[in-house]
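Asks: The lines below spell out each chain.
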Amino acid sequence: MMAAIIIFVSLALLFGLLLGYAAIRFKVEGNPVAEQIDKVLPQTQCGQCGFPGCKPYAEALSKEETEVNLCIPGGNEVMILISEITGLEPKEMDEKVTENKPKETAYINEDVCIGCVLCIKECPVDAILGATKLMHTVIQAECTGCEKCVPVCPVDCIEMLPAKVTVENWQWPEPALKPTDHTVEKNKIGAKK
Amino acid sequence: MQEYVLILISTVLVNNFVLVKFLGLCPFMGVSKKTDAALGMGLATTFVLTLSSVLSYIIYTYLLQPFGLEYLQTIAFILAIAAVVGFTEMAIHKTSPALYQVLGIYLPLITTNCAVLGVALLNVGEKNDFIESAVFGMGAAIGFTLVMVLFASLRERIDASDVPAPFKGAPIALITAGLMSMAFMGFGGMTH
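Here the protein sequences come in this chain order: A and B.
1 is the number of the first residue of the first sequence in my numbering; add one for each residue after it.
194 is the number of the first residue of the second sequence in my numbering; add one for each residue after it.
Hints listed in this document are in silico derivations from the structure and should not be mistaken for laboratory results.
Be aware that a few hints might be false.
Unchecked claim - DSS-like, lysine-lysine: derived pairs with alpha carbons at most 30 Å apart: (1) B:LYS287 - A:LYS27; (2) A:LYS63 - B:LYS287; (3) B:LYS287 - A:LYS55; (4) A:LYS91 - A:LYS103; (5) B:LYS320 - B:LYS227; (6) B:LYS227 - A:LYS27; (7) A:LYS63 - B:LYS227; (8) B:LYS287 - A:LYS39.
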């Protein structure tokens, strides 16, 4: 009786361990390449690439059905990472995004806002606060700077402004891509704006 | 060496598990609509059968017999089979997603493929040793794969031909299986 219990418990444990190991060893990611690309994408789900989110863009990239330079929030760095993962040729970003601008967030001019809620619907990260016919505002900490709310505003009251550097959000400057990179200069220009 | 060849011939042809012993009819009917799927199912079952017959031999000889627990063999074998099937499923999912899609629900159902348990129990009944068990399991699996592929090719051709309406689909498949079984009776008596 005891022998039977011990044998069966240890058998069950042994097989359980084997299957547990196999579950880790043979873990299936939907598509390894797409998964990898998805990780470097900024996950704003802004849709500026023309795909309905970061994951679909990553999947299209993994099948080499699209260009590497479509992620606007990600900018040059993400474009280079993507081309490294997929092995596709790196491509110039569009004019307006090549400049290495500092992180910008949306600001709503609250005097002009008519409370149309159009920008709220557009915001992919739910960073805009407000209700119909009431003034809206942007939760600065949540805004990813995807600029999707700017074109939809019927009264043009949304402005992209460089995020204020505070003690909380200050970070070491990112390492420059090239030694002669003019990131610093561009940052200065951006700050002046 | 000769006895292993005899075991192989016996399990593949003479005592074919599907057509002579009528074990494993579920996947035989279920996954035989397309030859690729049948071949994939056959290969997955081959892997499971060989491994599980060896594993059940080890469990029986080294764990159950010394303690006089032979009466628990069925549950012990099922446990081993389920573990091997689970392992195979994960391995196939990782290595061949296309095959995984094709096999679908029939892959976990290898667990309940009575041929797998049948082989384990027959191994014990015939007092096969380690290598004989492995050969027996592999032979049974090769026989299963062979019959699966033959039957699937037959069904593919039957699908294209003009079958009378009442016989379309499963009925003609069952009749075909019966005819195949009768054909395999021709091997009867070659070995025991």
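Asks: For each hint, tell me whether it holds in the structure or not.
Replies: Against the structure, the hints come out as follows:
no., hint, verdict
1, B:LYS287 - A:LYS27, "holds, 7 Å"
2, A:LYS63 - B:LYS287, "holds, 19 Å"
3, B:LYS287 - A:LYS55, "holds, 21 Å"
4, A:LYS91 - A:LYS103, "holds, 22 Å"
5, B:LYS320 - B:LYS227, "violated, 37 Å"
6, B:LYS227 - A:LYS27, "holds, 28 Å"
7, A:LYS63 - B:LYS227, "holds, 28 Å"
8, B:LYS287 - A:LYS39, "holds, 21 Å"
Against the hints set out earlier in the document, a violation occurs for number 5 only.
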